[in-house]
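Chemist: Residues per chain are reported as follows:
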Amino acid sequence: MAKPAPLLQGTLDLIVLELLRSEPTNGYDLAQRIQAVSRDVLQVNAGSLYPALYRLEERGLVKAAWKETDTGRRAKVYSLTAAGRKALESQRAEWARFAGALSHILKRA
Amino acid sequence: MLLRLRAVFLFGRMQREMDEEMRAHVERAADRYMARGMSRAEATVAARREFGNATVIASDARDARGARWAEALVTDIRVALRAMRATPALTLVITLTLALGIGATTAIYSIVDGVLLRPLPYRAPESLVVLHDVQRTDRDLPASFPEYVDWRQRTTSIFSDVGALIWHGEVLSGSGDAEQLQGAETSANVLSMLGVTPTLGRAFRADEDLPSAPRVVMLSDDLWKRRFNADSTIIGRSITLTGQPFVVIGVYHASPTAVLPQGNTFAHGKAPDFWEPLRLSERNSPRGVHYISVIARLRPGVTAAAASVRLAAVEGQLEKDRATTHGIAMLPLATELVGNLRAPLALLLGSVVLVLIVACANIANLLLARTTARRRELAVRAALGAGRLRVTWHVLLEGIVRATIGGVCGILLALGTVSAARHFLREIPRISEVTLDVRALLIAAALSIATGMLASLVPALRASRGDLVSDLREGARGVSGGRDRVRHALVIAQIAVSFTLLVTGALLGRSFERLTHAPNGFDPRDLVTASTWLPDSRYPDSVSQIAFNTRLGDAVARRFGATNVALTSDLPVGGGTSGDITIVGRVFAAGQAPMVQKRVVSHGYFSVLHARLVSGRLFAAGDVLGAPHVAIVNEAFVKRWFPTESPLGHQITFDWNTSGPQTIVGVVADVREGPLDQAAPPAVYAPSEQVPNTFMNMIVRTDRDPSGVEAVYRDALREIDPALPVLQVRTMSDWIASGIARRRLTASILGAFAVAALLLAAVGLYGVISYSVTQRMREFGVRAALGAVTGDLVRLVFTQVAGWIVIGVAAGAVAGLAAGKLVSAQLYGITQTDPWAFGASAVLLAIVGGMAAFAPTWRAARADPLEALHAD
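Chains as they are written, first to last, in numbering that gives the first Met the number 0: chain A, 0 to 108; chain B, 0 to 871.
In case anyone wonders, no lab produced these hints; they're calculated from the structure. Treat the hints with caution; some may be incorrect.
Pair by pair, the computed Cβ-Cβ distance ranges are [what the hints assert, rightly or not]: (1) Ala85/B / Trp94/A: 37 to 45 angstroms; (2) Ala488/B / Arg58/A: 53 to 61 angstroms; (3) Pro23/A / Met37/B: 27 to 35 angstroms.
Chain B side only, calculated, beta carbon under 8 angstroms to chain A, not exhaustive [stated by the list, open to error]: (4) Glu19; (5) Glu20; (6) Met21; (7) Trp166.
Far from chain A by the CB rule (all over 12 angstroms, computed), these chain B residues [claimed, not checked]: (8) Gly415; (9) Met452; (10) Ser541.
Since we're looking at a predicted model, the values are computed, not measured. Every residue gets a Cβ at the ideal spot worked out from N, C-alpha and C, and that includes glycine.
With the rest of the complex left out, here is chain B:
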């Protein structure tokens, strides 16, 4: 090592001396020219010309000195760098290709792997499933408590364990500031099912999830360290959560990667602060209330398919025994958390491979073209006596240097993309787990670099082998037609691949675009939302809850105006709360009982959202506790159950939270009270001054940013009840965006691939056309000499380019149709044959292709007959 360093050091000195000597030579020659009356500039130019190529001389001079390999290496790298600087277009194009090929594919693979492929951080995650309630008309509801009990009792032959879980907030008070915590209420067995074991104390006992059991809690070690200074005497002590005493029984390690199912949605990589036993009974949680996530672990040896068959039998039994129409659906936990992305996933991984292939093809093409064009130069050098190894080595080294620079750019691009994804796609579950996948990086880099070296090495070996005569004679034209055909096929394949990806990206992007502009039935601009949580212990009855909600609404309205503030039990465009209702005077057949979205809203709700009243009236100041019970329904409700008559005056009953039937007083146009990508579900609204609710979202129409609203909301809360927390202040637009985050991920990843593939295809097209034009300059010259005008030559080149693009697009369109089928479930508002997506992709490709072809075509068009004929 030291010797090597010494050699390089000595070499540096030698190099400097040699430089100085040669510079002195040039200066003295310049002096001579100046003495003859030239200007300094002219003299310098003349002296330089007389001296010759300093680099080559230096290199040859060093060869003469028998320089050591370390010296030679440094020089050769310099020569390679200079060669790269001499061909800036090629260097740029190869660097870009390598950076894209390595960077984009690695980054995107890393994201896909981290979010979708990597096993969940639980014990034996592959056997974990989630059970949903399904009804003919409503798919994938959470379970109700009695259903959970039934399922657990009747599936013991299928599952080794069935557990229930509810995402749950608590307010910690007592020591320091009151703090909002996010945790879970679970049946006693969930922790051991997931493989969470206490690091301190104990886990829940089997009987601790009974309603009669004393209140106990387990804390995450984060919370324990933050709020209790990691004091191990906490075990057995009592803490206050939302006004209730809980005995701390254990501390567990909060893995930052733990993701837990949360009703219809999920928590984003944030581990729960606490676990509490779920203390439910059929009395406090009736069959109509669906809000429980049910997790189960398949018995060893029971496959998912076998489980489904046995579940169907259980379903049949339950239908009879419980006179219910609700069935059971089973999903792998991983699918529940990140969605069924198998089809798009296959497409994404396929894209990774395709983009990488395109990148490698490009590099091979470009270097093949360059080295072939240099065959004459290489032959000349060999004829002048340069060693075969030396010539090959120079070519190889140039390839290595190019590959290294491209590879470094690729790694930087990959790192940048991954950190950008973590920043901008924060609503994606598990995105915080994503790190650059080193294996993928190595594979991508090795493939691209090896391709580059092979592609430059083959012609170099050939040239150095001494096929000199033919190479000298043929010059740069000595390329077989066969190799041209391969080159052209590669370009067509690139066009086809990028077209397929463009179409798929366009389909998803357009779906996403349509979705974000889907009519919600309300105006989401300038809306900010905030919420708080009323503890049952301090707000035990309807009167106190309603009074609180009214006071809070009024306090905020004083700042923003009464017409700009509303309350609702669930924000629109979310999962919401659904349940059964009965319509007085109607009897429903099995499976047809009304299942609706239920909302408790203040009377300003519809006007603040800019929703439209269709008939009847909105809620008014008189709809308070003690006045006749009233309800408003939406048009979807009317269409479903009152298609031919007016619902006004009819009575309905919630089997939840209200006493006595409510009279329908109004019909509103559909506000999207369900997910954005589904039709608006039937909904029933009750006035918040008549029906209590412990969890109300406030919606404020304002042009202020969320922090302005938060300050006012916080002040209002402090005035009314300082122990209550401020939750989830955000704009309505952010809330809507979080609901379609998964689509956004797929669309943006595919979009990124499409752009990468398009750039690569453009680069490839440029390389091949440029090469082909260079090869044909003589032909163009002859044509020009025979009277071809500029237009003829341009047409000549463009006809070839257009042919490639047409064939590529046609092949890509066929593949695009197949790919469209894969993503058809992800499409919204368009079909997989959407002509706009296909048309726009074709136009974009044609434009980019034309741009790539422009410079070389221009060169062909200016073909000078004389120069072309002299060229050889």
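In isolation and in its complexed conformation, chain A is listed as follows:
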């Protein structure tokens, strides 16, 4: 297996928003899912994830609530707000433009 790739600056917010769009989830599962969905290419550590979550919560893009999990643990579950959805759309578009431009440059070389 290849070494996990570092996250590009600014991409973590996008990833978090995207994963929360499909399903509200807690911090731990979110970290696991990032790893799984990206086929182990991306690995996010708690030190980046929680600050990102709090930052998003502070900006009103996600909201948090305490819920009981299947294992009986109390967990803080994050979900997307309306503002979060809007932000996700615009960031997704921006990313697509950026990625398109980047792959264009790389292909040319």
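Following the hints, put chain B in place on chain A, whose structure we already have.
Modeler: Below, chain B without anything else, positioned relative to chain A:
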């Protein structure tokens, strides 16, 4: 305020939730690892490692939330506390330094200030002086009554007032139990001279100190409340003091701080219970009896120097008019009460400043070293985007938290020291006035804390200013040589200061030690003393006084054995009673008349004290009233006046209390009948069954404690005369100790400073060596790689340490010689260049220095070539 509290409260909840969330994360990660077959412990460790540093994450997470400042403050303090826990050695060392620096200096300054510096509690105390009688051979005698009269009459141009005072005991009886009181007999003007005014009734009238005046007394308000229920009709009523009626004319406020001169010694912070007028005349108090303290107030505008010059003229006149060789000496009252401690005082205050400087230097050194070592970490944090203010703030806050903890320890130490001093140094005059000096505390604390903050702030500001590249590249080695030199100079200065204080402390301590072991001519162990006071009114003549003393001695001897009980008019190793004698058949030149210590003792005195008979005989049962008058002299007496012949058979005369000449029947080895720090004075002893005395001390040789003796003594008194009080029951050792209390104070204060300075120097040395070793680990690694063995590396570090110590000790020795000169008057039995004091201090310093250097040296010695090379 409420908002702030709310913020902190909310913050607390947020913090708890965040903690819980992160804990849950770690637990679930651990479950995952366990599912893969790890043990719980392994899984927890792995989960934690995966999670990362919870503290930092929490802190960053909070930053992300834009936490309010109150929340941030609490967290940051926690981070600072955690940083302190992570560096326990540094934390301990800084706390210790601050505690010592603030605590020791403040406490000691408070004691010095309270005992020595604070003005006496009298009106215009600076112009009060004490006058002493001086003779060529005997300095500082109390005055005799005729001298007092002469001085008062002839010094009106120098002093606005001259007064006389005798410390005096009375027994109050009549209402309730008989009680021993301590008070003073004074000339009528002393109260107004000291500024004591009655709170009730009136003070003495000018003519009330004449022998013909009716007996009057003023009472302290303490006594008045305690014994007379604060009854204001007491004025004008008669009370009974030691069997005599006295009319109460006034009540005064007994300030607990009043200290009064008492002959050659002083009363310890206890205000007199009463004042009585001194009703003396030349008839009942001849020129040869020296027992009066003379106090005077300088006229406005007359300086002490001018007064001395004019006093010398008065002295010259008196010498002619009275055919006397006795002169006058003048001392400021404050000097009389606490001694001439100007020189040691300068040393003590200097020490306070030095210790404080050393403490500040230490803190600066340690924090400078720590912050410099953290420059790389700080640079990394700045590179990762931490705000400049934030980084600086973290460093500053750590300094503040450390300083606060150290400061609190310092205050506790200061409080503890002051209360310990009040408890253990009780014999020091005015010690009860000592309280913690808040100004000194604030100054010391502010200095140390400001130093700490400055020292940590400077490198932090530098690091945050973005000199990142060089800091990252150089890492912890990026220290200029200049700063190293300053650091090393500070350490050398610390060593020098502590050496100076050690030497001075050792000189004084050794003097004190020598003094306590000075040969007294007797064995002070297992001796207990007690005394009582016979009122003249009920024991008016020799027969009744002698009979009483004999009966009391016999009664106590029944319990302790006749060979273990003795009586004496004055305890040895004290001021005693001195006076002129004449030697029959001798004529003395002016100034050479014999002045001796006079003692009235029972015949068991010498054997109970284990004193040695040199020639002749001791007193025996036959030396009683009516038998031929006999006396015993000591070797100092013989050396002085009978250097070539035997004194046995010669006759002498006291000009006091005896009738007819006494024949010398024995010579005893010197029992120290004067102060411990002076050579044994010539002494003459008379038998107590032949010469009366109204104040006798009993000495009992026993292994029982003083209370056992007191019970027996009290029973004996009750049997003979229930109205008499039991006075001053104590061990002989306590009595001796009280005579050298002043020396003990100076020695213990300087000793405390020396220990504080030594600890600080050790701490400083440790800090600097430790830092230097850390800096040079790479160098040591390279050396190790090139084949240096452990011994080489140890030598490398120790050579540097030894160099510092040698230079420091050399500088300290020079200062020590100067300081020794300051305290030379306090030395006993050694000189100020005492090699033992210097040698022991140097050895102690070397040992402590070596211990401080040990741990860092050990680290250097185990320098791993690989690790050292990887370090950067």
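Chemist: Looking back at the hints listed earlier, which ones does the structure fail to meet?
Modeler: 7
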